[in-house]
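Position chains B, C and D against the provided structure of chain A, taking the given hints into account.
Chains as they are written, first to last, in the working numbering: chain A, 804 to 1152; chain B, 1399 to 1709; chain C, 17 to 798; chain D, 102 to 449.
Rather than coming from a laboratory, the hints here were simulated on the basis of the structure.
Please note: incorrect hints may appear among the correct ones.
In silico SDA-like links for lysine to any residue, alpha-carbon gap of 25 Å or less [said to hold, decoys possible]:
(1) A/846 <-> A/1069
(2) D/436 <-> D/423
(3) B/1435 <-> D/122
(4) D/115 <-> B/1428
(5) A/892 <-> C/99
Using C-beta positions, here's what the derived DEER-type ranges look like [unchecked claim]:
(6) B/1536 <-> A/844: 22 to 30 Å
(7) D/413 <-> B/1603: 53 to 61 Å
(8) B/1447 <-> C/593: 28 to 36 Å
(9) C/710 <-> A/897: 28 to 36 Å
(10) D/291 <-> B/1610: 50 to 58 Å
(11) B/1620 <-> D/170: 19 to 27 Å
(12) B/1610 <-> D/170: 53 to 61 Å
(13) A/1038 <-> D/432: 55 to 63 Å
We put the beta carbon where it would ideally sit given N, CA and C, even for glycine.
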Amino acid sequence: MRPRRSGRVIALSPSGRPDSNNRERGIYIRSHIGALPTYILKKSLGALITVFFVITVVFLLMRLMPIEGYFGDDFDRLAPVQREAILQKMGLLDPWYIQLSNFYQDLARGDLGTSIIFRPNVPVAEIIAPKVPYSLKFGLAAMALSLSLGLLLGIFQAREKGKWPDALGTSYVIFINAVPAAVYFLFIQLYLTQLSGLPILYSSARPLSWILPAVSMSLGGIAGYAMWIRRFMVDELNKDYIKLARAKGLSNTRVMFSHVLRNAFVPMVQHLPTTLLMTIAGSIFIESLYSIPGMGGLLIDAISRQDNPLVQALVLIYSTIGVFGLFIGDILMAITDPRIKLEKAGGAR
Amino acid sequence: MEEQALFVLAERDVADAERSGYSDYSYWGSTIRVFMKNYAAVFCLGLLIVLLVFIMVQPYLPAQRDPNEIHLSQETFRQLRNVRPGAEFWFGTNSIGQDLWARIWSGTRTSLGIGIAVASWNVLIGIIVGTLWGYVRKLERVLTEVYNVLDNIPSTIIMTLIAYMLRPSISTMVIAMGVTGWVPVSRFIRTQVIIIRDREYNLASRCLGTPTGRIITRNILPYLVSVIMLRFALAIPGAIASEVFLTYIGLGLPLHIPSLGNLINEGRQLMMIPVMRYQLIFPSVVVSLITISFYVMGNAFSDAADPRNHV
Amino acid sequence: MSNRPEGTLRSYFVTIRLNINCVKNNSCKQMFRGRNKPLSAEQKNQGRESAMKKYISILVATVVIVTACLAGFSVQATAAPIRVTINGRPITTEVPPVVQNGRTLVPFRAIFEALGAEVDWNERTNTVAGYRGPSFVLLEPGSTRAFITGREIRLDVGPLIVAGRTMVPLRFVAESLGAQVEWVEATRTVTIVDAPYPAAPTVGRTGGEFRSLYSGELTTLNYLTSGTFAVHTLAANIIDGLVEFDSFGVLHPSLAKHWTISPDGLVYTFTLRQGVPWLTWDGREYAEVVAQDFVDSARYVLTRANASATANILFRFVRGGEEFFNGTTTDFATVGVRALDRYTVQYTLRSPASFFLSALTYVCFFPVNGAFLAETGARFATDHLTILNNGAYILRAHVPQNRRELVKNTRYWDRDNVHIDRLFFQFNREAAALAPEMFVRGEISSASIPTAIIDGWRLDPVRRELLRPAPVGAFAFWHAFNFSPRMAPQFEPENWRRAVMNLNFRKAIFHGLDRVAAMLTFDPYDPLRQISNTITPVNFASVDGIDYTNLPALQPIVRMQVFDRALALTHRNRAMTELRAAGVTFPIRVKMPFNTGSPDWTNRAQVIEQQLESLFGREFIDVMPVGYPPTGFLDATRRPGNYAIQEVNWGPDFLDPEAYTQPFEAGHLTYSDIALASANYQRLLNAAKAEVRNIRRRFELFAEAEAYLIQNALVMPYRVGGGGYVASRLHPFQGSYAAAGPAVGKFKFQRLLDRAMNVEQFNEAQTIWARDRVIALRKAGQ
Amino acid sequence: MEQPLLSVSDLYIKFSLRGRVLTAIRGASLDLYAGETLAIVGESGSGKTVLTKSFVGMLDANGWVDAGFIRFAGQDLAKYRGDGQWRTIRGKKIAMVFQDPMTALNPLRTVGLQIKETVELHTPLRGMAAKNRAIELLAQVGIAQPEQRYHQYPHEFSGGMRQRVVIAIAMSCSPQILICDEPTTALDVTIQAQILDLIRQLQAEYNLTVIYITHDLGVVANVASRVAVMYAGEIVECGQSREIFYNAQHPYTWALLSSLPQLGIKGQPLFSIQGTPPNLFAEIKGDAYAPRNPYALEIDFVKRPPCFQVSPTHYARTWLLDERAPRIDPPEAIKHLRAKFVEGAACR
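The shape of chain A in the complex, shown without the other chains (with noise of 0.2 Å):
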């Protein structure tokens, strides 16, 4: 079976010098340089139709909510010709097929269109900018901390797999999983903050007021990514070319690092664009109890609320990052695992 030419081999090391040490130990694209272009293009299209199916249905399920939930308590006061002025205004008395129609219209020019109850004639776009630097921030300090300390614990983990410090991780992990988010968020809030003098709320004037809400943040994070990377390298320990590479005289570490980690990585990566673009979500719990102006719950509220334009932008952006760092990851898979022919890479994981 004569393997399958697969043309030149473009090392993008890291150091850009091209003599063969650096070839080895450089990143690997696998050249099928001519499949590319065709593969995003298939693929964009495969995202923009999912994503244009999520806003439609979502827009005709926020149609279904009751009238009565626009106006809050505001009801009884309301005569009902001053009921009939505020829904004409926010355009919910047309039916639902022209106001689709509408919505398209406005999202073709680019206007996500403006709230009608969170902050009412607020262009959404104005609503969303400022609070996204803030998710951000603190979501990719979690992110960093998680991905770092987990990975960290879940190697430890698998190379003592058996001995007292595995016990420990997955005692942690387990730990975490039980006690109630809600439950031991507040419990750093209150007593860490008691011990330590820090703030109970961050805010940007006090310097180190950010580093509970991030360290909270992570704590799910490092279970998680603990969990993953031990349970992908205990997979590859059982492999064969493992026994080849020990027998070959590799230390134990230097198989565990430059063999089991590296292609426990492989699942890995596939993951990380949709967790790392997720953190623009932020988490509910923490900026709502460290006064976080983040995109946290903002979502939730905007469905209470019916705030029908805030949640199509909303629900606009999560579903295309959703799709996106699906879209990434592939991307990934196939250069960190040379197996895969990008062509052949459709589909959900």
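Just chains B, C and D now, kept in the frame of chain A:
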């Protein structure tokens, strides 16, 4: 000499050779044996069984109180508010004088009931959709697209809608969690099915013309039993955790139906009041115990039942 | 002063005496100190001790005068010139006092300044006015017409010009500003005793920052369209209306210096304070506040497209408002709001309403700058950049779901009464769980303490000292019977409808419901504080010094011991026989919805169920509490009539008993239809609403209507709003007070206490406030 | 006879599996001489692989050397514990080649890198020099265009070529002993011959001592100089390949030889050994092969047969060699084995 006598051809029956080589290895037997070896898992299983039996029996035990009954002191007709745990009320009373002991076990009954119902519904639908999605090539395209759409619709919208249409009750909660809960399970089952779909023994049985249904039920599902068991075991505490979350964002059960979510939410405000903190500690401990037990037991069982670990 | 020279104006003045006869433990919402400015700065009143010192000094002074007069008398037998003393201090006037047919006249500037009043000489309308605190006097040289705090009076001796000086009748002027005047024949001296207008407490320091947490975000700042109370209180801090309340609930001139009311009580003409700037968020002056601003705001509110939630209150008073709002006319000139000139605005009412002045503190009467409104368009009042401030504070920053900052308006006309420099509100969805702890650590200045943790706080030696009750509010809560039930079959609506028509059945429940036990779920330590036997709360409104609830019709009800087991059981037995004859099945199902979002309501529903069922027995009645989610609660329960008994509430919009009658009008709103049970309540109500001339008669008619409602157990009054417990560094009786409208949320007059008040200090402060309030109301003559 | 390069004496290896203890090696003794090719033959599950794995300390986590000695280069490998000690031997002096080439190489790393890694580990060569050595190795094991192949991934190689790469890896540190654990079982016959030739060529070139683990007697006959027959964890017969093939003494060896397909006579059913290997969990009394041995003696069920020396280089562990045992002739089929082989060798 006596040994000399042994140097004669021994009569030999073939069956004996078979028996010595025969191993009475049974898959479930070995799984159970390995599971029993794991003392932590056995302890957790025991704990869960005791808990389940206890909460079923609790209302009929002597000296039990109604969870919603408000106890008034005989003299002042005032509610017995925030009585600390003691002889009278084992777990103390809450802010309007309801017996916390009865409320916690009634709450556990509710939450576990919801957990088990939601978990079995999600896993059942998840398996059905997952196997079809993973096995049947024609359905692949369609279901993947449906999955992408469903995965991106925020479940909060659906839950808020359901909370509007149906009055808040246990059934509403189960429906709310069940409508979107099966999607991740089906995705997980699909990935597993795809891995073992093209194994030789499946190709072979397909060549022999076994119908798809039989292949799925005979070849594929038994192989996944360990993973499914783990998924089910984790789904129950997962459902309880999401009930606590739903109560937090205001879509939870009404307060007059005690549930672990409600109790924890009520208790959260008292975290900084040492004298009343017991109202938060008891429900949190119960939730943690349930989650830990299911987690440890689930993992242990799935490791024991994992086909790869069987010699 | 209306400059239309019509014939003799016959005016009579309907005064609402905000009179208070304090029940022991009744207290009011945050108060603020009386306007003491007219008492001249150097005599700053330092709280109760200084008031006592003043009385003693007066006594001494009068003794001295008497002896001086005697001495004087003996010396000069001739008609010595009349001397005038005020609080013992002699007044020297360039032109000596003149007597004309028995009336002593003095130069107007001398008497006004002696009484500490500000003088306003208006050549155009040839009027002279003196205003001080709540009251003011307006005279027209050359005519005998005069106005006391807006009411027209016919003088027997008009102002005279003597030696180029305008002389004004001394007794009329002094008395209308609230002083007592005595003529001492022996010493030919006019002694004026000007008891000081009681001062609000002045404890706490000036300056500093008030910080607090809030969890309910404002959807808009548009005070002309929003119906949300939180928006109104924010607006009240940054925008002044024509009039404002002081800490005793007495109306004071604010943007309006003084005003006149036409004899028929229909036309109110206000003269504005001049030079009051509209300021942007960064303190830049955008324009001056002028009369046209009030016309522009009325037009904006009455424009249907703007969908204002408070338009109905505006067009209830202003003539032509409803027609413009409904679109029957598009000519705004027909609406009774006009700017006569740059600083004079005139309102014309549909029908005389003595309480119209109190309604002016409501947001729909607040001014807005027309040009700015046009410039911002739809974005008006969506954040701090799109709103103008002319009040005590300037909205420096409004970042929704994050924070809100207000800073003291240094160019405010009454800046001496604004003591807190900066207000900082931090948004946090978990305010209920975090605020108490943050207050203990001093990170915020005020926090409401949820019922659940009160026990914990009272047991903690440190926290017990920080805890105090919050004043009760003006919202009325009552249990409504549903006379037109539309419920699911399992709640047997038809059976309920027949039962509820029976008076004995209603009376059984009326007397059988233990409201104190129910109240324990909300205020476990002082439940009686908020229990109310009537719909209209005590201290809401009074006429001729008598509180509305003390009128003969309501007095027995206020004193009645409602919860009476024996009486309830006798009514039940009678009801059993009557209903069984009418074919009603037992036990009667009573669907009682409650809002699952509020923990204490959920608890209360269960307390009431167990209490009623244990009293009447399960065979008679089966109370069924049913929980509904907070979002869309009223749409699912009260509005569609999906209940048998339900706890409902209503808030007043203006200071008149009529404000509490809207829910019981026939078919007017989505409350239960009382008319189905008995027509004559509506008859009594219509009679009361028709009486607009005689305030006393009007109040009595309303009282009779309400008494009928309660005696026939058509409703079951339960409690007043507000209450609960707080830990706060604000003095509860220092800020402005009013039974209706956003005044209670104002930070003007407030000071930051160094330490929070505890329960004992609160009770003491409440009794002092109640006593001073009586004096203030009498002095203001309102 | 010169000193053995590696000598195993009375080795016991046990495993704890699923809560019970299993004795995989029951007192095996074996000597390995420099430059020779020893084949270890036996049914699967007889402990062949476990024995050789114990030489490089690659026993599974749940296995341990219970008793006995493994003397190699003056050290007793049985006492070795810990990664550090074993790495002086593993890959440096004793190298291994595994059975299934498809999974032996790391699928995500280039073939070249996996070779260079070992070169850099065991030789002072670094960087470019190590790469050249690797390419050189690739050429030696007979892979065309080694420069291009260097950068390719395992999934772009055929089974045979991957086995060549594995061999290249093994040779990269010029070991003294090369253990080939059924190197050709997973390959088809044509490739099998190429691999065996390659190993023979490398053995000659580097004066290697090779241990073959196989259950395929055809391979044994082809390459082995000495043969050791293993059954149920012990070495039942060992000797020169000629002695084993033509003068086997142990009934199990007879059975193995007679089950060779080549000996089958057209039309007659092929010979196969009844029953299955014993359950190593249970305690085995006497000769483990007894239950399946048609020529078993009563004593085989009672006492374990000692080693009987048939010739200086040939011994077998069976009571039949005891003078008290009745004279038993080997089965007919293998009698004229010599003729078959002489005829077979001729046609090579």
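Consistency of the hints with the structure:
1. A/846 <-> A/1069: Distance ~21 Å between residue 846 of chain A and residue 1069 of chain A Cα, so the pair holds.
2. D/436 <-> D/423: holds, 21 Å
3. B/1435 <-> D/122: holds, 15 Å
4. D/115 <-> B/1428: This hinted pair holds, its Cα atoms lying about 20 Å apart.
5. A/892 <-> C/99: violated, 70 Å
6. B/1536 <-> A/844: 22 to 30 Å: holds, 25 Å
7. D/413 <-> B/1603: 53 to 61 Å: 56 Å Cβ-Cβ, so the 53 to 61 Å window holds.
8. B/1447 <-> C/593: 28 to 36 Å: Roughly 57 Å apart at Cβ, these two residues miss the hinted range, so it is violated.
9. C/710 <-> A/897: 28 to 36 Å: violated, 52 Å
10. D/291 <-> B/1610: 50 to 58 Å: violated, 39 Å
11. B/1620 <-> D/170: 19 to 27 Å: For residue 1620 of chain B and residue 170 of chain D the Cβ distance comes to about 47 Å; the hint is violated.
12. B/1610 <-> D/170: 53 to 61 Å: holds, 59 Å
13. A/1038 <-> D/432: 55 to 63 Å: Roughly 49 Å apart at Cβ, these two residues miss the hinted range, so it is violated.
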